[in-house]
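Q: In case you want the letters, here they are:
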Amino acid sequence: KAGVTQTPRYLIKTRGQQVTLSCSPISGHRSVSWYQQTPGQGLQFLFEYFSETQRNKGNFPGRFSGRQFSNSRSEMNVSTLELGDSALYLCASSLVQDRGTEAFFGQGTRLTVV
Amino acid sequence: GNSVTQMEGPVTLSEEAFLTINCTYTATGYPSLFWYVQYPGEGLQLLLKATKADDKGSNKGFEATYRKETTSFHLEKGSVQVSDSAVYFCALGRSRGGNKLTFGTGTQLKVEL
Numbered sequence: 001k002a003g004v005t006q007t008p009r010y011l012i013k014t015r016g017q018q019v020t021l022s023c024s025p026i027s028g029h030r031s032v033s034w035y036q037q038t039p040g041q042g043l044q045f046l047f048e049y050f051s052e053t054q055r056n057k058g059n060f061p062g063r064f065s066g067r068q069f070s071n072s073r074s075e076m077n078v079s080t081l082e083l084g085d086s087a088l089y090l091c092a093s094s095l096v097q098d099r100g101t102e103a104f105f106g107q108g109t110r111l112t113v114v
Numbered sequence: 001g002n003s004v005t006q007m008e009g010p011v012t013l014s015e016e017a018f019l020t021i022n023c024t025y026t027a028t029g030y031p032s033l034f035w036y037v038q039y040p041g042e043g044l045q046l047l048l049k050a051t052k053a054d055d056k057g058s059n060k061g062f063e064a065t066y067r068k069e070t071t072s073f074h075l076e077k078g079s080v081q082v083s084d085s086a087v088y089f090c091a092l093g094r095s096r097g098g099n100k101l102t103f104g105t106g107t108q109l110k111v112e113l
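In the order they appear, the protein sequences are chains P and X.
Per this note's numbering, residue 1 is the first one in the first sequence, and the count goes up by one each step.
Per this note's numbering, residue 1 is the first one in the second sequence, and the count goes up by one each step.
Mixed in with the good hints, there may be bad ones.
To be verified - The calculated DSBU-like cross-link candidates involving lysine-lysine, where the alpha carbons are at most 35 Å apart (straight line), are: (1) X:Lys60 <-> X:Lys110; (2) X:Lys77 <-> X:Lys110; (3) P:Lys57 <-> X:Lys68; (4) P:Lys57 <-> X:Lys60; (5) X:Lys68 <-> X:Lys52; (6) X:Lys52 <-> P:Lys57; (7) X:Lys110 <-> X:Lys56; (8) X:Lys52 <-> X:Lys110; (9) X:Lys110 <-> P:Lys13; (10) X:Lys77 <-> X:Lys52; (11) X:Lys56 <-> P:Lys57.
Please keep in mind that the hints were generated in silico from the structure rather than gathered at the bench.
Hey, can you work out the whole structure from these sequences and the hints?
A: Encoded structure:
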């Protein structure tokens, strides 16, 4: 069974540009969550989608947005990039939204903003 | 809101030593608790979990018990190996369901021969 696939693995962008990251969840999983990982702030929750609807949102500015498609694949977009957006962006997929459900993580997309 | 306090690292141990990584949490309701591990250049992998008080999660020799009275979920292993070197994250899931996880800061473990 294929795991969670994130593309691209590495990305370098210039300040002010926008970027789109992609996540393909495990087949059959309907929930996708996104996290930002930085040395200073650690792992922070961005948002969660289930059946194409955003169910939870973290404390990030509106420049960060996401969506989920009918096949459960998800994208996140960051507009007007800032240097502080440099981070590892992790996607996690889960089968359902029940309490205690395991989240399976992808390898992440390493975004560098210069 | 929910929060997780995790033991600061890095922790350096000799092979076959006993490992404890402390984790305490603050939460409303009755959360699920998880330990995730991250190897260099990789995403996170679930190590173990517990969903109710006094539950013991275990995997690959690692154990953690859900202690509601002390709001703790400490990770232990009786004999660590060099291959256990990684960063360990304690995480808290929402009480009402949904897959949002609140993570601790992570504890880097280095095991030496």
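Q: Each hint: holds or not?
A: Cross-check of the supplied hints:
1. X:Lys60 <-> X:Lys110: Measuring from Cα to Cα gives roughly 17 Å; hence the hint holds.
2. X:Lys77 <-> X:Lys110: holds, 14 Å
3. P:Lys57 <-> X:Lys68: Since the Cα atoms of Lys57 of chain P and Lys68 of chain X sit roughly 27 Å apart, the hinted pair holds (cutoff 35 Å).
4. P:Lys57 <-> X:Lys60: holds, 34 Å
5. X:Lys68 <-> X:Lys52: Answer holds: Lys68 of chain X to Lys52 of chain X is near 8 Å, not above 35 Å.
6. X:Lys52 <-> P:Lys57: holds, 26 Å
7. X:Lys110 <-> X:Lys56: holds, 25 Å
8. X:Lys52 <-> X:Lys110: holds, 31 Å
9. X:Lys110 <-> P:Lys13: holds, 33 Å
10. X:Lys77 <-> X:Lys52: Distance ~21 Å between Lys77 of chain X and Lys52 of chain X Cα, so the pair holds.
11. X:Lys56 <-> P:Lys57: Distance ~31 Å between Lys56 of chain X and Lys57 of chain P Cα, so the pair holds.
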